[in-house]
Amino acid sequence: MSFVNAFFLAALGAMAIPVLLHFVRKMRAKPVAFSSLMFLRATPQQQVKRRRLRDVLLMTLRAAVLGLLALAFARPFLPPDVVPFLTGEENESVVLLIDNSYSMLAEGSNGSALDEAQSVLAERIDAAQRGDEIAIVAFSDFAEQLTEFDSDRELHRQIATGSIEKTGRATDYLDPLGLAVDILGSSQHKQKRVVLISDMQRAGWSGALDNWKLEPGVSFDPVRVGAADTLNRYFQDVQLRVRRAGDDALLQVDGLVSSPDDTGFDVELLVAGIPVDDISLSGRGTARFTFRHPASRTGYHQGEIRLDADALTIDDTFYVTYLVDEKPSILVIDGSSRGGTGLIRPDSYFLDKAFAPGVGTAGSSPYDISVRGRAQLRALPSSTDIVFVSNLPSLSSAELRSIERYAAQGGNVVLSFGNNLDADAYAQSLRELGLASTASVVIPRQVQSGHAIIGQVDWRHEVFAPFAGPGGGAILKPEFRRYVRVQPLDGVDIVGTFDTGDPFLLEKQIGSGSVMFFASTLGNSWTDFPINEMFVPFVYQLARHATGDDQVPVMYGVGENVALPGSVGTTWDVQTPNGQVFRATGDSSGTAWFTATDVAGNYVAATTARRIPFSVNLDRRESDLEARDEAEVYAGVVPPAVDQPVVEEAAVTVKAAEERQKLWRLLVVAALLVFGIETVLAHRGGKQKQ
Amino acid sequence: MSTTHAQKAPTRFIRPDILSRISGLDLVARSVVEGFIAGLHRSPYKGFSVDFMEYRPYIPGDDLMHVDWKAFARTDRLFVKEFEDETNTHMQLLVDVSRSMGYKSGTKPESPTKFEYAMYLAAAMAYLVVRQRDAVGLTLFDSTVVKRVPAKSTKGHLVSVLREMENVSLGGESAMGKPLHELAERHRRRGFAVIISDFLDDVDAIIDGLKHFRFRGHDVMLFQILDPAELDFSFTDLTEFEDLESGERLIVDAAAARTEYMENLRRFQETLRRESASIGIEYTVLSTQQPLDFALFNYLGARSRRRV
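Chains as they are written, first to last, in the numbering used here: chain W, 1 to 690; chain F, 1 to 308.
Here chain W stands alone, though its shape is the one from the complex (with noise of 0.2 Å):
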């Protein structure tokens, strides 16, 4: 048995008090002088017994009533499960939530949400009636159900205190209510109740719960853990950057950090492990940081960034995986006279111009960009990153064979168009390749009222994405005088149309490369595109297309999937930040796939030939603690019709199997039938004794 108010048990000690009155008064009889006995006869032995016997009866029954208004008083209460029968209440199906996220990690008075939450959990299970089924699921944002409904206490005791564990992942409050309404659809009472034990994050308030609502008639218990003020810092954002200048490579970290506070702290950066840098700062809100590190060692690099310890410590690290690649470089064989005649420019110039602005600065150009005559293109170097071909009239049966080798190595080539062009042979070139059946030279307007203009583009493209913007419409104002009109073969990616809806850029895989077909010049000899603003982002997109295909994405978020590339097949070991070797193996399209990213950290994926290095990192909303509060979470959740208790059901643990139970009422009415019966008791025995 248990008490809501122990405190009063303390009054017990007053049932001594009817006991020692009798024994002081009652017990022996009191000697008194008396004038006469004349008209006194000494009562019988045998009715002092019986009066002695009485006053112990009504001595006894004063105790009890004092003793029955203590424990009244005390509130007690039964475990359930020992005595559903007086619960008077029906069994019911009972889902308890709770919440794993990391947020829940965060540190209070009564040490963390979670312990809290597990403490709830357990109060939960232990005030559930015998009869009740009872589901747990932890979740942060994905659901886990960790038993099916069952009514073995024991097996959900040691789930409360053994099986929820602690993740490094965001909260999402859809999927588990989601869940526990599937679990719910296979219950076998009628009562129904979801229990939602949890920090109550505002974050995981997703827009979906907008319009989402349990059904009416399942009773729903949010029970909020944690400390209310807890202060979190963390990180708000992290981008990186290696930036070229000439042969140098510098790592520019820019970071935001919010803090509650007007605490002063630091933000250090660590490269493989080492202190590089640090700064202070101050002030409530955003702070801003900018980390400047030189990087002149080509690879992978990992670190990290640090903010002083505080509540909720696992976000205080943010974790950097980085490449500083070596200087990509780009070929251009172009076939129109070096450098042009008056106006008139070949591509050559203006990718030359476009690449390396800074004449007479040499090297202050991210790209080593070379211009070559054609002889070059029958020995393309698999070093180089891009090979742009103008304005030839046709390819050599050698020249395809090196281009399709080249190609098939990892490079990239852009074929691009010119006065020079044989169409019917240059046709015959891009079937070869794949690329296009037919190729032939228009005028548009010849055709139309006016010259062509780009007309519909992929904008999904890597090529042409970050055009999709505000302002990125410029990129239609080129005008094209002339273009070459091809009919693209099967397998070919259609990236951009004319207005005349002939496509003017083709993409074809080859191998690991790529080769791109501009229908048009990167001179201005067809069109007035290298002299529109738009033409040196083009172009460094086209690079950066070329030379990115096999760079891996190296940020990646908790809970994340890891694309390494390779071949059918190939197998990656991946290294966790706790030390643990996974394993991943390339499926049929060469990437293997690895999952397990639970953990922040900085992670290596290594072949025989090849290693990448990547990070992973929690999901920072989870950071912001601030959390609704339970009326707000009832009102979230529970139909607007159901009117059910709010705060007061959340409060429900072991109070509620008391206030289920109501002992202290039995005890009460007890108490006063035992009053009576001595009231009636003292009443009757002085009316004998009259």
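Okay, the calculated beta carbon distance ranges per label pair: (1) W:53 <-> F:173: 36 to 44 Å; (2) F:215 <-> W:53: 54 to 62 Å; (3) F:215 <-> W:683: 48 to 56 Å; (4) W:681 <-> F:34: 49 to 57 Å; (5) F:242 <-> W:1: 49 to 57 Å; (6) W:46 <-> F:215: 46 to 54 Å; (7) W:683 <-> F:202: 33 to 41 Å.
Hints in this document: simulated from the structure, not taken from any laboratory.
Glycine residues also receive a C-beta, built at the ideal position from the N, C-alpha and C atoms.
Based on the hints, put chain F in the right spot on chain W.
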């Protein structure tokens, strides 16, 4: 009778517990009697006052000694203070001093015992009697006559009587028959005998003694002094009672025994009342919490009836 009067007793009367704070029986007697007489003048009980003393206009030839000069000073008329009672009555106060009279139940220390109350009453009556120019005598008795002071009417005699009362202490067991017979024999001159006792004795022996008194031509008046606890037996617990006189002990379930006690007491008092009345004796029960005035009322009433 007595209880009815007791309930109607005016509250201005001095309570016995207050009397006990007054040192000296003469002061007690004076306080009680003077207050009593003053009350009579203001009260509707005119019969007693005219019976006691009255004024009439001066008639030439009246003794100037009896002129009320104070009244003359106030009214400019001459009044004669005429005392009606010129009988020179002899009153004998018989007070029981047996040990049972030493009982008191009150928790207040100033509550009087039956003995003290009896002494207050006797003193007040003696004072009243002497004030009326009657003779008063005192006899103290338990199972025998302990002290006897013959009746006289002088003020100096009153002092002697009161001194005897103050000096007496409680005696032994009570056995009223013997002293009553003895006293009846000794008091040859007819008079007024006031017996103050708890009468907790053999009722037949008491009646015999009283008959003897009446046989000698005495007017007798009985004042039975009882403690409130003796009158209502307010005990509740299992109690071991000890007889004050014999020392006998009795374990009694008081609450259970109360009914029987009250019935026995009622029978005893009824017998005493009936037998007394049959021989012309007035019987009055007094609680030690009753003001003494009530007893004085009864005395004056009895005296008045006797003279009629």
